[in-house]
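Student: One letter stands for each residue in the lines below.
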Amino acid sequence: LAAVAAMAAKRSTDEMRDRVVLGEFGVRNVHTTDFPGNYPGYEDAWDQRRFEEAFRVDIIREEEGALEFDMVGIDAAIANAFRRILLAEVPTMAVEKVFVYNNTSIVQDEILAHRLGLIPIRADPRLFEYRNQGDEEGTEIDTLQFQLKIKCSRNPQAAKESSDPNELYFNHKVYSKHMTWVPLGNQTDLFPDADFRPVHDDILIALLRPGQEIDVLMHCVKGIGKDHAKFSPVATASYRLLPDITLLQPVEDEAAEMLQKCFSPGVIEIQNIKGKKVARVANARLDTFSREVFRHDSLKNLVRLARVRNHYIFSVESTGILPPDVLVSEAIKILMGKCQRFLNELDSLPME
Amino acid sequence: VQADGTDGNCVTFVLHDEDHTLGNSLRYMVMKNPDVEFCGYCITHPSESKINFRIQTRGALPAVEPFRKGLNDLMGVCQHVLNTFEVRLSEGLRGL
Chain A
1 LAAVAAMAAK RSTDEMRDRV VLGEFGVRNV HTTDFPGNYP GYEDAWDQRR
51 FEEAFRVDII REEEGALEFD MVGIDAAIAN AFRRILLAEV PTMAVEKVFV
101 YNNTSIVQDE ILAHRLGLIP IRADPRLFEY RNQGDEEGTE IDTLQFQLKI
151 KCSRNPQAAK ESSDPNELYF NHKVYSKHMT WVPLGNQTDL FPDADFRPVH
201 DDILIALLRP GQEIDVLMHC VKGIGKDHAK FSPVATASYR LLPDITLLQP
251 VEDEAAEMLQ KCFSPGVIEI QNIKGKKVAR VANARLDTFS REVFRHDSLK
301 NLVRLARVRN HYIFSVESTG ILPPDVLVSE AIKILMGKCQ RFLNELDSLP
351 ME
Chain B
1 VQADGTDGNC VTFVLHDEDH TLGNSLRYMV MKNPDVEFCG YCITHPSESK
51 INFRIQTRGA LPAVEPFRKG LNDLMGVCQH VLNTFEVRLS EGLRGL
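These protein sequence lines map, in sequence, to chains A and B.
Last residue of the first sequence: number 352 in our numbering, and the count goes up by one each step with no gaps.
Last residue of the second sequence: number 96 in our numbering, and the count goes up by one each step with no gaps.
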């Protein structure tokens, strides 16, 4: 009897250690508690070898601009650090200064400059340096120059009665494809095959009518998302924990049907065992945890909703500047760079 | 980096230009060290980007040691994550 009680106690501490449980009114066991000294009998001190054995990465889906991968065996603090770095500290190139020579369009200068800044530029930021503080001119190693020069005119061949602006005017829609790269200094030699342009050609910048023109010169610099969101290389980067649904009791017939409706499609499947319909958890990963089960009193106590604490499903969607796998590698290298910076400072400090 | 404390065992490091990104992950690595009695970080004011990172050790160990070990461990973790990720990527490409 004591052994059974001990087993139950161990199961509950295991649950506390590696599951985040979603109760009816709140979430339990949220924080990581597996630090040395908290649990007698568990080896919690940091051990690189144990970490390496338990850690794995699985690439689930890799598309043009999006990557979904799993990281198993890592803690929330570090997974969150990667997510934060992906959003705010991986550098990209974006338009920073706009020199307006002529703007007779309806769009105000500052609005136009703001819109131009948000356009993602296809330029590998690792080829460029950061601009020095206070440097207004910009050298060829830190600046990309673009020009946008466009004038709207009336189409003399248009029919008299037509009211379609596509027919009546030339160049009345200013797209990002009208931005042209103007090489600075020796950039043509440094980047002979490079083709620097906005990622998407069909971003509408402004609308014009005959007689209006826009003539601007733009300087792109390297920056990070912390400074301005236009420098963020990801459309979004997010993670969620792997869901873990356990049926505490066998669920049959009508209750099984109701249970299946409570979860996202594909999570619960109904099997026919000896003529009775029995519910089974097929694929917990698909669930979005709407917690609909808790609204039904008859089903509330039959299920335990939890999340696996150290299994992270990352989803990284890139804006097109760099492919998502490169972004993740860069983010990890940036975290290493931060640690290295402090290690160097520690070594250079005089030891008291 | 700026250290301040009563004796070598309890030290508060002030890390400039840092925030939760490094703070929380470093705190986790230092907490995993059995010699550390207390480890925590806080952001003094959200407008200033600096964190106070405090380490208190059991016994006579100078607090700089767990700090250094934490940084090295974090580098080790990142290196391993990077290697594993790149290996899996190349495996996926070859498998296609």
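Certain hints may be false.
[To be verified] No farther apart than 20 Å at their CA atoms in a straight line, the calculated lysine-lysine pairs in the PhoX-like style are these:
hint, chain 1, residue 1, chain 2, residue 2
1, A, K261, A, K226
2, A, K177, A, K97
3, B, K69, A, K226
4, A, K151, A, K177
5, A, K333, B, K69
6, A, K97, A, K160
Source of the hints: derived by calculation from the structure; they are not laboratory data.
Student: Check each numbered hint from earlier against the structure, then list the numbers of those it violates in ascending order.
Tutor: Those not satisfied are hints 1, 3 and 6.
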